[in-house]
Amino acid sequence: RTLAKARQVLVSEVALAEKSDEEAAEKRLDGVLSP
4 RTLAKARQVL
14 VSEVALAEKS
24 DEEAAEKRLD
34 GVLSP
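Add 3 to a position in the sequence shown, counting from 1, and you land on the number used in this note's numbering.
There could be a bad hint or two in this list.
[Said to hold, decoys possible] In silico SDA-like cross-links for lysine to any residue, where the CA-CA straight-line distance does not exceed 25 Å: (1) K8 <-> K30; (2) K8 <-> R31; (3) K30 <-> R10; (4) K30 <-> S15; (5) K30 <-> L6; (6) K8 <-> A18; (7) K8 <-> A20; (8) K30 <-> A7; (9) K8 <-> S37.
No lab work stands behind these hints, which were simulated from the structure alone.
Keep in mind it's a predicted model, so treat the numbers as computed, not measured.
Make the full structure from the sequences, and use the hints.
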């Protein structure tokens with residue numbers, strides 16, 4: 004649960020920084036964080 008909340012905060016921050024939506028930010032994070 005804590006990890007999910009931290010991930011959501013990170014997605015929100017990336018979306019804000021890149022001026023994109025959360026879906027695009029989540030896809031970007033998936034690409035960066037996946038092994």
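Against the structure, the hints:
1. K8 <-> K30: Holds. K8 to K30 sits at ~17 Å (cutoff 25 Å).
2. K8 <-> R31: Status holds; Cα separation ~17 Å.
3. K30 <-> R10: holds, 12 Å
4. K30 <-> S15: Judged against 25 Å, a Cα distance of about 12 Å means the pair holds.
5. K30 <-> L6: holds, 17 Å
6. K8 <-> A18: Roughly 15 Å separates the two Cα atoms, so the pair holds.
7. K8 <-> A20: holds, 18 Å
8. K30 <-> A7: holds, 15 Å
9. K8 <-> S37: holds, 18 Å
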